[in-house]
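Asks: So the protein lines, in turn, are chains A and B. Under my numbering, the first residue of the first sequence carries the number 1, and numbering increases by one thereafter. Under my numbering, the first residue of the second sequence carries the number 1, and numbering increases by one thereafter.
In short, the hints are calculated from the structure, not lab data. Where a beta carbon is used, it is the ideal one built from N, C-alpha and C, also for glycine. Any given hint could turn out to be false.
Distance condition first, Cα-Cα at most 20 Å in a straight line; then the derived EDC-like pairs of lysine to aspartate or glutamate [unchecked claim]:
#1 A:81 with B:43
#2 A:27 with A:68
#3 A:40 with B:43
#4 A:97 with A:26
Here are some, though not all, of the chain A residues that point toward chain B, as calculated from beta-carbon distances under 8 Å [claimed, not checked]:
#5 8
#6 48
#7 50
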Amino acid sequence: MRGPHDVGGIPAGPVDTEPHKMTFWEKQIDAMHTLLGDDKRRITVRDQNRHYIESLGQDAYTRLNYYERWTAAMALQLVKKGVLTQDEIDAKIAEIKQRLEETGELE
Amino acid sequence: MMSDGILQPGQRVRVREDYPPGHIRTPVYIRGKIGHVTRVFGEFENPERLGVGLDGKPKKMLYEVRFKQADVWPNYNGPVHDTVDIDIYQHWLEKA
């Protein structure tokens, strides 16, 4: 069984080796991942987070960028482990979306 | 499960040719290939068990294994001395 991440040897074209500047939200996700996975919380432990990412399915894995995969995997774990409900996440997304629309910041 | 002790540098090994589901750190392209141990890193929690929320015990020995690129890729046309080093856990290796 080959996961969507395990691409060694599969033709994929040239690799983009340009450094990418991290956006603010990507830094936030990185920080949140560190906090949720620390020894006190152990909610999104490294290997488990990777397993969730590898289990997103080929379509989602290909469509999402690196930190979007992290975000999706973390959200799944937070719901699965009872920290947040999907309704709470959906409500917060709607709230933020509305706020950004009002300020014209929505991309 | 591997039971014949810690592998030593220089030991010829074959990577298990197995395709289980789950969080596997052994890349598909190296399974079934033959190389030799170049470093012994020591024991680490098993990522396959950590990946599914378990505690990673029992720990597994982790090795650096070196493969000739020509043994890994069919029709490899780089220099013959090219190698690739991969970190592999003991339960994925058998003596060859």
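Asks: Each hint should be assessed against the structure and marked as holding or not.
Replies: Okay, the hints, checked on the actual structure:
| no. | hint | result |
| --- | --- | --- |
| 1 | A:81 with B:43 | violated, 29 Å |
| 2 | A:27 with A:68 | holds, 12 Å |
| 3 | A:40 with B:43 | violated, 24 Å |
| 4 | A:97 with A:26 | holds, 17 Å |
| 5 | 8 | holds, 4 Å |
| 6 | 48 | holds, 6 Å |
| 7 | 50 | holds, 6 Å |
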